[in-house]
Amino acid sequence: MDLFSNLALGLATAVEPINLLYCLIGVVIGTAIGVLPGIGPIPTVALLLPFTFGLDATSAFIMLAGIFYGAQYGGSTTAILVNVPGETSSVVTCLDGHKMAQQGRAGPALAIAAISSFYAGTIATVVICLLSLPLSALALKFTAVEYFSLLVLGLLAAVVLAHGSVMKALAMVLLGLLLGLIGIDVSSGAARMTFGVAELGDGIDFVPVAMGLFGLGEIMANLERPPVRQVVSQKVRDLIPSWADLKASFPAMTRGTLIGCILGVLPGGGAALPPFTAYAVEKKLSKNKAMFGHGAIEGVAAPEAANNAGAQTSFIPLLTLGIPANALMALMIGALMMHGIQPGPQIMTEQPQLVWGVIASMWVGNLMLLVINLPLVGIWVSMLKIPYRLMFPAIALLCCIGTYGIANSVFNIWLMLGCALVGYFFIKVGAEPAPLLLGLVLGPQLEENFRRAMLLSDGDLLVFLQRPISAVLLVVAAMLILVLLSPTVFRKRKEALAE
Amino acid sequence: MLRSLCLLVMAALVGAALQPSAAEAQSFTRAVRIVVPYAPGGSSDILARLIAPKLQEAIGQAVVVENKPGGSGNIGADAVAKAAKDGHTLLLLDVGTLALAPSLFADLTFDPQKDLAPVGMIMFAPYVLAVAPQLPVKSVAELVAYAKANPGKVAVANSGIGGMNHVTPIRIGKALGIEWKNVPYRGGAAATRAVVSGESQVIFNGVSGSLQFVKNGQLVGLAVSGPARLASVPDLPTFDEAKLPAGDSGTWQGLMVTAGSPPELIAKLDAELRKILANPDIAQKIADLGGTVKADGPAAFKAWLAENVKTLGEVVRENGIKGE
Chain A
1 MDLFSNLALG LATAVEPINL LYCLIGVVIG TAIGVLPGIG PIPTVALLLP FTFGLDATSA
61 FIMLAGIFYG AQYGGSTTAI LVNVPGETSS VVTCLDGHKM AQQGRAGPAL AIAAISSFYA
121 GTIATVVICL LSLPLSALAL KFTAVEYFSL LVLGLLAAVV LAHGSVMKAL AMVLLGLLLG
181 LIGIDVSSGA ARMTFGVAEL GDGIDFVPVA MGLFGLGEIM ANLERPPVRQ VVSQKVRDLI
241 PSWADLKASF PAMTRGTLIG CILGVLPGGG AALPPFTAYA VEKKLSKNKA MFGHGAIEGV
301 AAPEAANNAG AQTSFIPLLT LGIPANALMA LMIGALMMHG IQPGPQIMTE QPQLVWGVIA
361 SMWVGNLMLL VINLPLVGIW VSMLKIPYRL MFPAIALLCC IGTYGIANSV FNIWLMLGCA
421 LVGYFFIKVG AEPAPLLLGL VLGPQLEENF RRAMLLSDGD LLVFLQRPIS AVLLVVAAML
481 ILVLLSPTVF RKRKEALAE
Chain B
1 MLRSLCLLVM AALVGAALQP SAAEAQSFTR AVRIVVPYAP GGSSDILARL IAPKLQEAIG
61 QAVVVENKPG GSGNIGADAV AKAAKDGHTL LLLDVGTLAL APSLFADLTF DPQKDLAPVG
121 MIMFAPYVLA VAPQLPVKSV AELVAYAKAN PGKVAVANSG IGGMNHVTPI RIGKALGIEW
181 KNVPYRGGAA ATRAVVSGES QVIFNGVSGS LQFVKNGQLV GLAVSGPARL ASVPDLPTFD
241 EAKLPAGDSG TWQGLMVTAG SPPELIAKLD AELRKILANP DIAQKIADLG GTVKADGPAA
301 FKAWLAENVK TLGEVVRENG IKGE
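Protein sequences appear in the order of chains A and B.
One point on numbering: in our numbering, the residue at position 124 of the first sequence is 124, and numbering is uninterrupted.
One point on numbering: in our numbering, the residue at position 208 of the second sequence is 208, and numbering is uninterrupted.
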């Protein structure tokens, strides 16, 4: 019965007028920065930190958390409308979401994204309440060995999720892995492929690459065929998803939520794994695989649910262990410390009002986001009517500001512009950039965990099979390879692509 | 009569206003930047954001915190080293890594001692030496004995190659004849997680990172660095008491400015920094970060830097640690 008294305490805290107000401020700011490509929650939270000193710690934390999951909502908006993923988490949403927008179904895509996020947010709140402790124990079972196996599986999923040629997808993953090698090697401290450029020392930043490959590359390709945009802007009248849309999305949302809840807890997996995995699973399970990559509504629902669920469960290690699951959570720890609260395992017992208040506020905030976002769908969609000659420079400008803002570095702008050219080339040759991005994000972790596992086990490769969790993950990966290689699947793929 | 007196006074005032006084040449004329060469959220960033509003009040100019992460802090430090020499660009960073940089990076684009001028140390945060509970040791002596009995088996987690907590176990291992594995992680939080989960066994990390785990029994604390025991964990001996070398290990945060800046401005910054650090509210926030205030001015900072560039450099060279 602890659960109910805890939840009651949390809800009572969350609905205090002052906390409701800060929750609202948080989610509105979050939505706004999510919509602006490139301006992510991390710099925003950093900027707002000093302003929270005067606030009660609970209110401050509720607001900062609101910015974080609000940004998850907003990020999908630009991904769907203009194919610009501002965050790792919305890359997958581009695949089918933007296709839907091009087919004049931007309204349903945006609405399903909002509904999936709310649904996932509700479930994730319950999961945090019920399973915080067992899930954090699971997170501690993940050592370098298990991470390596998980990442192998994740990368294979990237090949599966690409539509089009398997060879091209493999090539893109490998290219992503190679790009991920750039920078100072964590295991030896050696700088690799940096050509003496100091800015490359920490590796290639994800955001400029994503915005260049997806957003700007797409814009350049669009400029060649302006009439297509006209079609988009004429067919946007039906904003609400149909009953069939909802029925198709619901199972996808549920699976996406489950995947997001589990992967969100694992430190290091970051924002990339949950939506990618959810998409790959959905594509495998779906009856109309051929639609994936061509505007399948499940392809929006599953990753959106997964990324919102993951965003929320990534608070679990922070709240139960005091260990941040990602860079933003590390910033949150800083925020707690500045309020004189030592994060750590004791926080749940010492600050129950804060912990449960924040958890309950997540649900309240998700409700607010749904209420804010559904009416906004019409406004967002009407933005597509803005003439492209005005929209293009505006997007390009916002992308430049966003990339510069990540590390106050002009280098990132050039990197993004370079990637835009490459992205244009990829569109021309029909290669999907999503696997490349996953390779770029996961590659360094794959290598790091492999080498750490080797260092700790004195170079014994069998360690990957001796650990049960790792062995299971590798078996699943092996099965995926078999499925990919089996001739029937190949034939089906070809048939599907021929359609 | 009165009127001409008024005119005279006014003329004098106008004259004074037109002629830049000595005091004005020494003051801040535009916004001051504090460059933090790391991503937001770390100790340096928090300190900068604590100090910025107070400094703004004191000097009457906007003070902006700018994060310029990358290259182990060298990108941000380089930007300050090459900024205008007018005292308006400050650098707040972990000066331990700055002291290590010249010996780690062969092609460092600036000289921390020549291109940057110290304003003052801000805080020192001691390390807690902690081990995973699975490790059968309860004291420093037992750890040393265990590590000697199992050469190459005990894994020490560090938060990155060439960081202070990578160098510390090497110094200790060298002095006591211990052979242990140094396992690099991406940042202190990842390293802590690895020791809590038992993947690695030993960690030297700040109080703010380790203390809660020690209190909770998820890590076993063995000793603390620094000159004295900590009030929060009075049972833990200092490194000196436990006969461990490298007792000065820990995180040192300091404020620097572009070398060649007007000495009056550096003196002004030093004076204001001391005043800010004397504020009990700030001292409390620094204690929350796991540190103690170190406000001993430019000269002491300069000497500390020279000393550490030398001693840490020797450790780096003797052990062949490479940053690049």
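Mixed in with the good hints, there may be bad ones.
To be verified - Ranges of calculated distance between the beta carbons of each label pair, as one might list FRET restraints:
id : chain 1 : residue 1 : chain 2 : residue 2 : range
1  : A       : Ile469    : B       : Gln134    : 17 to 23 Å
2  : A       : Ala32     : B       : Lys243    : 56 to 62 Å
3  : A       : Pro375    : B       : Pro234    : 26 to 32 Å
4  : B       : Gln134    : A       : Leu465    : 54 to 60 Å
5  : A       : Val15     : B       : Gln26     : 50 to 56 Å
6  : B       : Lys243    : A       : Gly54     : 46 to 52 Å
7  : A       : Leu484    : B       : Gln134    : 53 to 59 Å
8  : A       : Ser188    : B       : Gln134    : 39 to 45 Å
9  : B       : Ala267    : A       : Ile469    : 40 to 46 Å
To be verified - DSS-like, lysine-lysine: derived pairs with alpha carbons at most 25 Å apart:
id : chain 1 : residue 1 : chain 2 : residue 2
10 : B       : Lys153    : B       : Lys174
11 : B       : Lys268    : B       : Lys243
12 : B       : Lys82     : B       : Lys181
13 : B       : Lys54     : B       : Lys275
14 : B       : Lys114    : B       : Lys285
15 : B       : Lys243    : A       : Lys141
16 : A       : Lys428    : A       : Lys168
17 : B       : Lys302    : B       : Lys114
18 : B       : Lys153    : A       : Lys141
19 : B       : Lys181    : A       : Lys141
20 : B       : Lys215    : B       : Lys54
21 : A       : Lys141    : B       : Lys114
Everything labelled a hint here was simulated from the structure, so no lab data went into it.
Virtual Cβ for every residue (Gly too), placed ideally from N, Cα, C.
Verification of the supplied hints:
1. Between Ile469/A and Gln134/B the beta carbon distance is about 18 Å. The supplied range of 17 to 23 Å therefore holds.
2. Look at Ala32/A against Lys243/B: about 57 Å separates their beta carbons, and that is inside 56 to 62 Å.
3. For the pair Pro375/A and Pro234/B, the supplied restraint of 26 to 32 Å is violated, since their beta-carbon distance comes to about 59 Å.
4. Gln134/B and Leu465/A have their C-beta atoms about 22 Å apart, which leaves the hinted 54 to 60 Å range violated.
5. In this structure, Val15/A and Gln26/B meet the distance hint of 50 to 56 Å, their C-beta atoms being roughly 55 Å apart.
6. In this structure the hint that Lys243/B and Gly54/A lie 46 to 52 Å apart at CB holds, the actual value being about 47 Å.
7. Evaluation of the 53 to 59 Å hint for Leu484/A and Gln134/B yields a failure: the beta carbon distance comes to about 40 Å.
8. Look at Ser188/A against Gln134/B: about 28 Å separates their beta carbons, and that is not inside 39 to 45 Å.
9. With their beta carbons about 60 Å apart, Ala267/B and Ile469/A fall outside the hinted range of 40 to 46 Å.
10. As the CA atoms of Lys153/B and Lys174/B are separated by approximately 16 Å, the hinted pair is consistent with the 25 Å bound.
11. This hinted pair does not check out: Lys268/B and Lys243/B have alpha carbons roughly 41 Å apart, beyond 25 Å.
12. Distance check on the hinted pair: Lys82/B and Lys181/B sit about 39 Å apart at the alpha-carbon level, beyond 25 Å; violated.
13. Taking the CA atoms of Lys54/B and Lys275/B, the gap is near 9 Å; set against the 25 Å cutoff, the hint holds.
14. Distance hint between Lys114/B and Lys285/B is unfulfilled; the C-alpha atoms sit about 32 Å from each other, more than 25 Å.
15. Only pairs whose Cα atoms come within 25 Å are accepted, and Lys243/B paired with Lys141/A is rejected, the gap being roughly 35 Å.
16. For the proposed pair Lys428/A and Lys168/A, the alpha carbon gap of about 13 Å is at most 25 Å, so the pair holds.
17. Distance restraint check for Lys302/B and Lys114/B: the Cα-Cα separation of roughly 11 Å lies within the 25 Å cut-off, and the hinted pair is therefore satisfied.
18. The suggested pairing of Lys153/B with Lys141/A holds, with an alpha-carbon distance near 20 Å, which does not exceed 25 Å.
19. Taking the CA atoms of Lys181/B and Lys141/A, the gap is near 21 Å; set against the 25 Å cutoff, the hint holds.
20. Taking the CA atoms of Lys215/B and Lys54/B, the gap is about 34 Å. The hint is violated against a cut of 25 Å.
21. The hinted pair formed by Lys141/A and Lys114/B fails the criterion: a straight-line CA distance of about 48 Å is larger than 25 Å.
Consistency with the previously given hints fails for numbers 3, 4, 7, 8, 9, 11, 12, 14, 15, 20 and 21, ordered from lowest to highest.
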